[in-house]
Structures are given as structure tokens and as C-alpha cells.
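Take the two lone chains, each set in its own frame, and fit them into one complex as the hints suggest.
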Amino acid sequence: MIKIVHMHVNGTDVELGVDEGESLTDTLRNRLGLTSVKKGCEAGECGACTILLDGKSVNSCIYLTVWADGHTILTVEGLQRNPGELHPVQQAFVDEAAVQCGFCTPGLIMTGVEIANSGETYTREELRELISGHLCRCTGYENILNALEKVVGKK
Amino acid sequence: MYDIRKTYSASSVSEALRLLLENDGATIISGGTDVMIRLKERKLKQAVLISIANITELKGIAVRENGDIAIGAGTTFDEIYRSEIIRECVPALAFAANQVGSPQIRHVATIGGNICNGAVSADGVPVLLAYDSCLEIAGVSGIRTQTLSGFHTGPGKVNLDQSSELLTTIVIPRAEYEGYFAAYYKFGQRNAMEIATLGCAVCLRLSADKKSIDELRIAVSVAAPTPLRCRKTEARLRGAPLTNQTIAALRKGVLSEVQPRDSWRASRQLRLQLAKELSERAFRQALETAGGEIV
Ligand SMILES: Cc1cc2nc3c(=O)[nH]c(=O)nc-3n(C[C@H](O)[C@H](O)[C@H](O)COP(=O)(O)OP(=O)(O)OC[C@H]3O[C@@H](n4cnc5c(N)ncnc54)[C@H](O)[C@@H]3O)c2cc1C
Ligand code: FES
Ligand code: FES
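Protein sequences, first through last, are from chains D and F.
Going by this note's numbering, the first sequence opens with residue 1, and the numbers climb by one from there.
Going by this note's numbering, the second sequence opens with residue 156, and the numbers climb by one from there.
Simulated from the structure, these hints should not be mistaken for lab results.
Backbone N, C-alpha and C define an ideal beta-carbon position, used for all residues, glycine too.
A couple of the hints might just be wrong.
To be verified - Beta-carbon label-pair distances, calculated as ranges:
(1) 294/F - 94/D: 51 to 61 Å
(2) 419/F - 80/D: 43 to 53 Å
(3) 177/F - 86/D: 30 to 40 Å
(4) 86/D - 420/F: 41 to 51 Å
Here chain F stands alone, though its shape is the one from the complex (with noise of 0.2 Å):
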């Protein structure tokens, strides 16, 4: 028997908003693959749940008429990878839904819950993070837009007003992932139901001649408090030739702005190793994808 107080099953943002501010100290649940363990082991005593899976306004994949990708944050990562859409506009969120857990769990754990666990390792955000996501979260005065970038602010924290809020969406701008190529690369003991060790995502659109790097994005999860986007060695990479040095050039950059830690799951320097391997790999295969060849 799982400690819940109560249970509330909410049939639209506003009324889960409203419960929210009706029950002190709730706790919004979703697909519950985190919630129910946080419940197991305790962490989570005596609950008032709020469950939003029964909100349909909160489920599936559009695109917006301006081209933007809207996916609502109570989509589960199963229908992210059947999504046409993701397959065709942003590939490598379906390749990255398909990491998570097993079969069981994709089936009803959602994007919005990875997100807002805020845990360092999760696998749907460092894809999001290349591809320069924003979120849509609603609140009593409406709603706000914040990018996924800097959502983040420690582990397992997000900057969510938990007692007033709901994430509802995900956008992916058109601006940000028309015209881009994107990998992720993600390292674990075993091949699946694997929390990652490491993660990388790289994001990138070639110059015209397909000789040069336009724009790059380069994000990292497990390698410090929070994932990680590497901006100063995208800035540098933005103009670079498409060499070995440039390569080593990436190696190098990723490995000065990461700062993993010991844990049990893996040593720092097995770490540093990783995001050094996953962000070359991760690059070549967007590279790759691109049509772009290493010269």
C-alpha cells in the first residue's frame, strides 16, 4: 500500500491549478514513474496527488501554424517515438524517447514528468536542450514562457513554483531545428532500463557549402549539477572547418566545461572520459545525418 492521503484526478489545467492552490503541500503526478518510486522509498509521505494523465489538452504532438512543434507535456515518451512528426522535424527526440526505461515504462511515463523531476540524468533533455527548446508553464496569472535552458537550477530542481504551477508544453522553434541535424548519445551499464551515466546531445546546421560549422549546440547530461549546455565551445566551433582538428577541438572545449563527480553509478574520470567519446560521436553522427564529411 503506497502512503496517499488523497487522490484528485484532474480533467483540465485550470482545475488542477486550482487544486494545487486548494490542497497545501500536493503533488502533481503524471505518468508517476518517479513519483511512485519517490512513494516507495518514503520520500514522499502521507501524499496529496493530483493526477493530470486524465487532461487531454496536456497530450500530443502539433505543429503550431507558425511552424513551431508544440508537444504537450503529458505526452508519454511511446508516442513521442511513433510520432510522425518527431520522426520527420526532430529525429533525434525519437531516438532519445526510445532510451528511457523499457517498454512498460515509456508507455506511460510523459516528457513533462522527466523534465520537471528535474533529475541530472534525464534522457529527454539534452536532445530538447540542443534543439533550443522552450517551455510553456501556466500559472494563476496565466501563462509564462522560459527556455529549457537554465529550467534547471540544481539537482532534482527545477524552477517550477511547485504549490502554483504546471509545465504544458514543450515548443521546439521552428527557427531553432529547421535546417539543423541532431544525435544523442547516451552511456549505461547495460543496453536498457538503464539510468544514464552519461549523456550527449549535439545539434548543428552546416554552412551552405556543407564545409564549414554554422551554428552548434552542445548539451550534456550527468556531467555537473545540472545538465549542461556547453556554450563557449559552440561559440568558439561556429565558423570551424570540418577537420580532425576542429574534432579535437570539440574533445577539448566539452571536457573544460563539464565537472562531473564521483558517484556509485561511475568515477569522474570515467566521466570525463565519456563526454569526451559521446560529444565526438554525437557529432559525427549529426555530421553525419547533415551530409557533411570530415575533410
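If we strip away everything but chain D, and leave its shape as in the complex, we get (with noise of 0.2 Å):
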């Protein structure tokens, strides 16, 4: 059945009609031409879905866009200011080469972003450990990583 949602996503309030079996990822992805938010496993595994839901990092892939009325949604779409300006997630990500095919990138970054505006700082072994809800098949992580330090700092 068609329900009606309402969401505040990437700054914007937008009013859809949904269909109750469809995941968020769906929604976002389809409906709203966020393409940023990747399918990869659909089973919670990967990450590559991941987008902020009232600024936590979720898998939008298990979790139906009904539960969504009300809420906040952030995805990469959402980290421009300016035309032609990177979030400093998205720079450090450039800076430090830690995208290969890229496939994995758009989630790692929400979680990035997340773990910035936390306004903390993590040791390595910290990182490693906020990112474990993601799967990259190219770069190892370290760049990842060193990526992530550069914007937190290191503790």
C-alpha cells in the first residue's frame, strides 16, 4: 500500500508517496535521484548504503522508508556548500587517495562526517573500529584511515 512520508532530506522538506515495502535506499536512490547512496549487499553488511538519519550513520538498506516520516536525512548530495567546494571529508578523501573504484566511498563518508561532527578525536585503532560497518574491496583502508585522521586528528 502507498503511504505518505515526510522527510527533511539534505536540507530539504520533501513529501512522497511510498510504498510500504520500500527500503530507504530504494527511495532515496529512485524517487529522489540520490545516487550516492549505493546498493551493495542489502543485508546490512557492506556500508555502502549508509546515510545519516538525524545525524546517525544507518543502513538505509534495512530499514523502511515509512520509519523515516518525520526524520532528518543526510546524504553526500547534502555535503556541498558551494559549487565546486568539497566537505573537508570529501577533500581529505581526495588528498590522501583513498578512493579507488569507489564504490564504498559515499557511505565511508557519511560515517566520516559523523565521526567529525562528534567534535572528537579518535586514535587509529578508534577509527578502525567506527568504520568496521564497512566493506571496501580496493584500497586496504589505510588510506581510509589516514584520511579520517587528517580531518579528526590524531589523538
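Written out as C-alpha cells, the structure reads:
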């Protein structure tokens, strides 16, 4: 059945009719064109679909859109401030060559934004634990950790 | 698209119970991290889901007037991990909460879902068993209380009438945590995002002179069809001195009480070895935090 949901997505209020069985991944990609949200495992394992829901990282693949009614969502598309200017987490990923094929990158960026927003510093080991909900098949994680260390500062 | 016929969102426990009675075969869903996987694997079809995620009375952690710790069934593992009350009174539970899945999973997965799902590998269960926790379950005729020990009746099976009952609160009685020290060890194939191959929680209280065991509880997961308390070993070691012989007796005792099986994840032999090893490690760690020393 179709249900009407209201969400605050990347700074804009949206009203949508969605199927009750629709995942938040599908709504963001197919109805709102936010294709930074990737479909990997679709089982909560790989983190490619990670978005921030009320500021917290969530696997949107195992989250129903109807549950997001009344909530705030942030995806990579919502990070751009001025045209051509990257968010510090994105810039750090570029500077540290933390991107290879790029499939895992949007999800990791969102977790990176959550980490940066916490305002705390972390050890490399703690950062490793904080990104444990993401799988990257290319980089071996070291450059990703370098990028995150650059953003949040070393403990 | 998930195979969902209808979704409801309850705003109170009584509304959730009413919706359960009105909708034959409906499924309660909290964080959904188990139910959504079941839907994906088509083990659940044409689902009618009753979400309890918006019920505020099911959320949060409080110390009751009598000193008991009450954890709402809808509290997430992230909230448990961050809770000052949990860190101060039952720190082993904060540690165990942080062993679940990934940060993303812990933001939505709830302790109530972990218990009610009935998985023998649930990370939230061994520590709560070792603290002798109680469950408060709401049904049409009011609230009933039962111990967590005995709640699991088989693999994926719990003593809950899914058509009319709701777990509301997990209670750690003051008498069961005050003066106790606990530790949890989980073995998985990787450090994160891994279902336990075996888990063990030990909770103990030392004698006043800290030279012997006053009370001991051992809980093991994935070592039998349900999470298990090793009651014979607990009884045998009550009053035992803090010696290497006691640790040897602990290892031997746990080994005699577990009955793990072979699975694709690990062999029975590995699990037997892990039961001995993890119970010793958890015991030693609990002992250390209690300020006891092996002599
Ligand atoms: C990628 C991934 C990794 C995971 N890793 C781990 C791990 O490391 N350790 C671990 O223990 N688990 C793990 N899990 C399993 C799962 O996340 C946990 O069991 C979680 O605690 C379930 O809680 P939930 O709120 O999401 O449950 P839900 O899926 O909402 O519900 C689970 C079951 O409990 C019932 N239920 C929920 N709440 C209540 C209630 N209050 N009263 C009555 N019935 C209720 C539901 O009807 C359902 O049958 C993982 C899952 C995923 C997808
Ligand atoms: S696609 Fe959501 S976690 Fe893999
Ligand atoms: S860059 Fe290819 S998966 Fe991470």
C-alpha cells in the first residue's frame, strides 16, 4: 500500500508517496535521484548504503522509508556548500587517495561526517572500529584511515 | 521491495497489544535488523509489521527506587554502550553492547529484539544471564515477570506468545549486580561485524577478604541449543579459593555442561576448546576488576 511520508532530506522538506515495503535506499535512489546511496549487500553488512538519519549512521538498505517519516536525512549530495567546494571529509579522501573504484566511498564519507561531527579525537584503532560497518574491496583501508585522521585529528 | 502487506506504528504498549490482537499473524518489529533479514531471505512473507520503534515508554535506562536497573526493550545497543548508568553499575554490558555488528547496526538494533529473536549467538544475552536479569512482559492480562534464564526454549524460540505479548523491560535487580564484577568474551572469525562463534560471560562476587569466591555465575552462548548457565559448576565453585586449581575446575566444569554442535561456522571441537578458554579468560578478567588475585 502507498503511504505518505514527510522527510527533511539534505536540507529540503519532501513529501512523498512510497510503498510500505520500500527500503530507504530505494526511495532515496529511485524517487529522489540520490544515487550516492549505493546498493551493495542489501543486508546491513557492507555499509555502501550508509546515510545519516538524525545525524546517526544507518544502513538504509534494511530501513523502511515509512520509518523515516518525520526524520532528517543526509546523503553525500547534501554535503556540498558552495559549487565546486568539497566537504572537509570529501577533500581529505581526495588528498589521501582514499578512493579507488569509489563504490564504498559515499557510505564511508557519511560515517566520516558523523565521526567529524562528534567533535572528538580518536586513535587509529578507534577509527578502525568506527568504520567497521564498511567493506572496501580496493584500498586496504589505510588511506581511508589516513584521511579520517587528517579530518578528526590524531589522539 | 520487501514483501510487506501492511505496516503499523504503535505509539504505546497498549496500542501495540491491541494491534497484535487485531492482526492475526502480525510481527512485532523494533530496530528490524533481524526481521528485515528474515524478509529478505523470504523466511517471512506478506508480512504485517507492527513497529514499536516510536513507543517512548520502551526506551531508555533508569535506576528504580529500589536500586534495580530497568532497561527499556526498545533501547538500542548504542544507547546502552553510552549509558552512564550501565557503565557505572554493569560495565560488562556496555562492553558486550559494543560487540554487536557495526556502529550502523548498533544505532538501530535493540536489546529487546536481541533477546526476543532467540538467537543462540545473541551478544546481549550472556552478560544479562550472568547478572540474573528478569524480563517484564506485557500481555492482555497485565505484566508478567520471568527470569531471562529459562526464557530461551530452543534455537530461535523464546517463551513469549508472539500473538499477544510484548517484552517491555529488562531488569537487573540490585541484589544481582551490587558487589558483583563481570566480564564478557566473544570469539568471532573477525574483530567486527561477526556473529559469535562462542561467547562467555562470568559474573562473580568475592568474599570480604577477597580470598575466595562468594558467588559465581557463568553464561555461555552458542554452546547448546539455547544460551546456557553452567549452574553445576557455579555451585561447585562457591566458596572456592582463588587458586589455579579453581580455574582448572572451572574449565573442566564448563566443559562438562556445554554441548556444542558442528556448524559451518565452527566445529564442535573448536567450540569445546573455546568454552574452556573463554570461561577462564572471562573469569580472570572479572576477578581482576573485583580486585582478587590468583595465589
Ligand atoms: C549486519 C548485521 C550484523 C549483526 N551482528 C550482530 C552481532 O554481532 N551480535 C548480535 O547479537 N546480533 C547481531 N545482529 C542481529 C541483530 O542486529 C540483533 O539481534 C538485534 O539486537 C535485533 O534487534 P532489533 O531491534 O533490530 O530486532 P527486530 O529485528 O526488530 O526484532 C527481532 C525479533 O524480536 C521480536 N521483538 C523485538 N522487540 C520485541 C519486543 N519488545 N517484544 C517482543 N518481541 C520483540 C521481533 O518480533 C522479532 O522476532 C546483526 C544483524 C545484522 C543485520
Ligand atoms: S547495501 Fe546496505 S549495508 Fe550493504
Ligand atoms: S574503493 Fe572500491 S570498494 Fe572501496
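Status of the hints after comparison with the structure:
1. Range check, residue 294/F to residue 94/D: Cβ separation about 57 Å, and the 51 to 61 Å hint holds.
2. A hinted range of 43 to 53 Å holds for the C-beta pair residue 419/F and residue 80/D, which are about 45 Å apart.
3. One distance hint, 30 to 40 Å for the beta-carbon pair residue 177/F and residue 86/D, is violated here, with the actual separation near 51 Å.
4. Between residue 86/D and residue 420/F the Cβ separation comes to about 42 Å, which falls inside the hinted range of 41 to 51 Å.
When each numbered hint is compared with the structure, a violation occurs for hint 3 only.
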